[in-house]
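**Q** Numbering-wise (our numbering), the sequence shown opens with residue 592 and increments by one.
Watch out, some of these pointers could steer you wrong.
As the list claims (entries may be wrong) - Capping the alpha-carbon separation at 25 Å, the derived lysine to any residue pairs in SDA-like fashion look like this:
no. : residue 1 : residue 2
1   : 626       : 644
2   : 626       : 768
3   : 626       : 669
4   : 626       : 695
5   : 644       : 627
6   : 626       : 652
7   : 644       : 621
8   : 746       : 790
9   : 626       : 789
10  : 746       : 700
11  : 644       : 669
12  : 626       : 700
13  : 746       : 733
14  : 626       : 691
15  : 644       : 634
16  : 626       : 771
17  : 644       : 746
18  : 626       : 731
19  : 626       : 746
20  : 626       : 733
21  : 626       : 667
22  : 644       : 617
23  : 746       : 767
If you're looking for bench data, these hints aren't it; they were derived computationally from the structure. Everything numeric in this text was worked out from a predicted model, so none of it was measured.
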Amino acid sequence: MADSEEPVRRGRGRTRDAATTSAILDAAMALLTDKGLAGFTMEGLAARAGVGKATIYRWWPSRGAVALDAFLAAVEPQVPYPDTDDFAVALRSQVLLLVGVFRDTPAGGVVRALLAEAQSDADLAEAFRTRWLESRRTAGRAVFRRAQENGQLRKDLEIETAIDLVYGAVYFRLMTGHEPLSDEFAVHLTEYAIRGLAA
592 MADSEEPVRR GRGRTRDAAT TSAILDAAMA LLTDKGLAGF TMEGLAARAG VGKATIYRWW
652 PSRGAVALDA FLAAVEPQVP YPDTDDFAVA LRSQVLLLVG VFRDTPAGGV VRALLAEAQS
712 DADLAEAFRT RWLESRRTAG RAVFRRAQEN GQLRKDLEIE TAIDLVYGAV YFRLMTGHEP
772 LSDEFAVHLT EYAIRGLAA
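Put together the whole structure using the sequences plus the hints.
**A** Structure (structure tokens):
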């Protein structure tokens, strides 16, 4: 359910206070964990963070925007690609990290809720694509391209499709729940992908 109150007009040129921003994002992730996006309101967030709603609206135009920022702050540091030239190790490690975060933390439920909300919120959909998906794809492209240049992957490999092949399977299980997001799944997925993509 969307917040019933109109957003406060955001001022221009205001710099975010780091401590206040951190408090709001921490409170947002906690509220998402407790209530889900359906129960996530700006009023509830303001109360939990100990700030006024005007402060939140000054920096975020909607509940979806602040929820996305809270998700990014909590999850992005947890899913890096390892610093290695061994493509198989890099891919397996990163997919295991992503699967684990989606399975074992509130992040999986938040992603499902954000994607559902994005179906009727074009701004949130665009922000999710550019700030989360494209950010992850940029990191992935660098790993895939380096492996291709090093002769570990086929020279004719279409990298965008290869990324979809691997990560599309993770998101499909996350969204449908037809099978668990297990470590075994992550290992099998990356093994099959590596065999098919290898030079």
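**Q** All hints, please: hold or fail.
**A** How the hints compare with the structure:
1. With a C-alpha separation of about 18 Å, the suggested pair residue 626 and residue 644 falls inside the 25 Å cut-off, and the hint holds.
2. This hinted pair checks out: residue 626 and residue 768 have alpha carbons roughly 20 Å apart, not beyond 25 Å.
3. Among the hinted pairs, residue 626 with residue 669 is consistent with the structure: their alpha-carbon atoms are about 23 Å apart, no more than 25 Å.
4. At roughly 17 Å between alpha-carbon atoms, residue 626 and residue 695 fall within 25 Å of each other, so this suggested pair holds.
5. Of the supplied pair hints, the one linking residue 644 and residue 627 holds, its CA atoms being roughly 19 Å apart against a limit of 25 Å.
6. At roughly 20 Å between alpha-carbon atoms, residue 626 and residue 652 fall within 25 Å of each other, so this suggested pair holds.
7. A C-alpha spacing of about 17 Å is found between residue 644 and residue 621, which places the hinted pair at or below 25 Å, so the restraint holds.
8. With a C-alpha separation of about 7 Å, the suggested pair residue 746 and residue 790 falls inside the 25 Å cut-off, and the hint holds.
9. The suggested pairing of residue 626 with residue 789 is violated, with an alpha-carbon distance near 44 Å, which exceeds 25 Å.
10. For the proposed pair residue 746 and residue 700, the alpha carbon gap of about 38 Å is over 25 Å, so the pair is violated.
11. Using a Cα cut-off of 25 Å, the hinted pair residue 644 and residue 669 is violated, with the two alpha carbons roughly 30 Å apart.
12. Our distance criterion of 25 Å between C-alpha atoms is met by residue 626 and residue 700, whose separation comes to about 11 Å.
13. Between residue 746 and residue 733 the CA atoms are separated by roughly 15 Å; this keeps the pair inside 25 Å, and the hint holds.
14. With a C-alpha separation of about 22 Å, the suggested pair residue 626 and residue 691 falls inside the 25 Å cut-off, and the hint holds.
15. Pair hint residue 644 plus residue 634 holds up; C-alpha atoms about 6 Å apart against a cutoff of 25 Å.
16. Distance restraint check for residue 626 and residue 771: the Cα-Cα separation of roughly 23 Å lies within the 25 Å cut-off, and the hinted pair is therefore satisfied.
17. For a cut-off of 25 Å, the pair hint linking residue 644 to residue 746 is broken: about 53 Å separates their Cα positions.
18. As the CA atoms of residue 626 and residue 731 are separated by approximately 32 Å, the hinted pair breaks the 25 Å bound.
19. For the hint pairing residue 626 with residue 746, the CA-to-CA distance comes to about 48 Å; that exceeds 25 Å, so the pair is violated.
20. Using a Cα cut-off of 25 Å, the hinted pair residue 626 and residue 733 is violated, with the two alpha carbons roughly 37 Å apart.
21. Restraint check for residue 626 and residue 667: satisfied, since their Cα atoms lie roughly 22 Å apart, inside the 25 Å limit.
22. With a C-alpha separation of about 16 Å, the suggested pairing of residue 644 with residue 617 holds against the 25 Å cut-off.
23. Simply put, residue 746 and residue 767 have alpha-carbon atoms about 34 Å apart, too far for the 25 Å limit, and the pair is violated.
Consistency note: the structure conflicts with the earlier hints numbered 9, 10, 11, 17, 18, 19, 20 and 23.
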